[in-house]
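Novice: Chains as they are written, first to last, in our numbering: chain A, -18 to 179; chain B, -18 to 179.
Just so you know, not all the hints are guaranteed correct.
Identical chains blur together in the list; that is why a pair holds if it fits in one copy or across any two.
In silico DSS-like links for lysine-lysine, alpha-carbon gap of 25 Å or less [unchecked claim]:
1) K96 with K70
2) K17 with K27
3) K179 with K43
4) K157 with K170
5) K70 with K179
6) K50 with K70
7) K173 with K157
8) K43 with K108
9) K157 with K43
10) K96 with K114
11) K70 with K157
12) K96 with K173
13) K70 with K45
14) K70 with K17
15) K27 with K170
16) K114 with K50
17) K179 with K108
No lab work stands behind these hints, which were simulated from the structure alone. Values in this document were obtained by computation on a predicted structure and should not be read as measured data.
Protein chains: 2
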Amino acid sequence: MMLVATVSSSREIELANAADLLELRLDLGIFDFLPKLRYIVTCRRKADGGAYEGSEETRIEKIKIFAEKVNAEFVDIEFDVPDDFLDFKCGIIESYHNFKETPSFEFLRDLVESKRGDYYKIATMGKTMDDWKKIVRLLLEFEDIIAFLMGEEFRFTRIASALLGSPFIYCYVGLKKAPGQIELNEALKILKSLGVRK
Amino acid sequence: MMLVATVSSSREIELANAADLLELRLDLGIFDFLPKLRYIVTCRRKADGGAYEGSEETRIEKIKIFAEKVNAEFVDIEFDVPDDFLDFKCGIIESYHNFKETPSFEFLRDLVESKRGDYYKIATMGKTMDDWKKIVRLLLEFEDIIAFLMGEEFRFTRIASALLGSPFIYCYVGLKKAPGQIELNEALKILKSLGVRK
């Protein structure tokens, strides 16, 4: 499993020493200095919990330019982006965000079965333990799924899902970027206590 | 979820302040002082990772006497103990231990489906992530199951299984009682970090 720090500024990159990967949120900040590290490049739309409000063409172009600039390992592209836009030289994380609720297992399974990228990321708002069971079933039945629940009450799922095979744990440094996110160094401490990380 | 401290002496009980329940291991120690707390009473046979080597009749009688003495909440009785012996005035945790391996999912499912007690506890030696998947499936499909993998490499399953509905987390204070057990206060710290415990 890998620790991903979601960052919105060059300053936050400096705080993310413990991260294996950095998720650059182009919608949230300006990166004036980018050290040679491993990056995921993304630019979230307002509807997906981000701040971007321009056109899709411009957004995808911005991601593409940045990805090449930092020699990104992955870009994170939303599930509803048309195939024509999925022309990247690096790996693709295809993502589905839902800040209102967790849809049915069947809905999520259909999404995952139509995967176009290398990983499918499912991040939905958790309300009940049944929502958590849907995520667990997804992780048991599919490979290459990043899945967890958002919400403070379900912050445990960010670690628990990794213990069920979800490869990335998205953490924050500096400012929290999503409900229930765990601070990077706290996540590292938990993983060490659990004996899954040195 | 509840934190259970497995204790082998009155001295260890004093160290177990953070525990919700105390598992008294009659096979391991002598309890000269027993404060008014919530107890699980058990006496493990050598084959199940304990130290008891006498007859079954004497063992069950010992458990019964102690359970009444401390007004136990539960006794922990192994899955192969005949029905005739299952005459207790408190709750029963029916347990299956396997220090060599984790049997097939079907084997474990059959055990659980024949549950006679209030909870069924499955503690088996973990070797692969597939073993962990068997435990996760059990926890998804059945209620009132306590299940996790033994082994240092799988110590994370003691916490992760609780996040999947396994109601008790067995911890140690003083001396470690089983491979992969987490120290009580460390377990509490992890649960607090995960936001599932105050």
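Novice: Hints first: check each against the structure and report whether it holds.
Specialist: Hint-by-hint comparison with the structure:
1. K96 with K70: within (18 Å within a copy, 55 Å between copies)
2. K17 with K27: neither (29 Å within a copy, 56 Å between copies)
3. K179 with K43: neither (36 Å within a copy, 43 Å between copies)
4. K157 with K170: both (18 Å within a copy, 21 Å between copies)
5. K70 with K179: neither (32 Å within a copy, 46 Å between copies)
6. K50 with K70: So K50 and K70 pass the 25 Å test inside one copy only (12 Å; across, 71 Å).
7. K173 with K157: Answer is both; intra-copy 22 Å and inter-copy 18 Å each pass.
8. K43 with K108: Neither: 34 Å inside a chain and 46 Å across chains, both beyond 25 Å.
9. K157 with K43: So K157 and K43 pass the 25 Å test inside one copy only (23 Å; across, 55 Å).
10. K96 with K114: Close inside one copy (21 Å) and across copies (23 Å); limit 25 Å.
11. K70 with K157: Neither: 30 Å inside a copy, 51 Å across copies.
12. K96 with K173: Answer is neither; intra-copy 32 Å and inter-copy 36 Å both fail.
13. K70 with K45: Cα proximity of K70 and K45: one copy only (9 Å, versus 69 Å across).
14. K70 with K17: Answer is within; shortest intra-copy Cα gap is 18 Å, inter-copy 66 Å.
15. K27 with K170: neither (32 Å within a copy, 36 Å between copies)
16. K114 with K50: So K114 and K50 fail the 25 Å test inside a copy (40 Å) and across (40 Å) alike.
17. K179 with K108: Result: close only across copies, 19 Å inter versus 33 Å intra.
In the structure shown, a violation is registered for the earlier hints numbered 2, 3, 5, 8, 11, 12, 15, 16, in ascending order.
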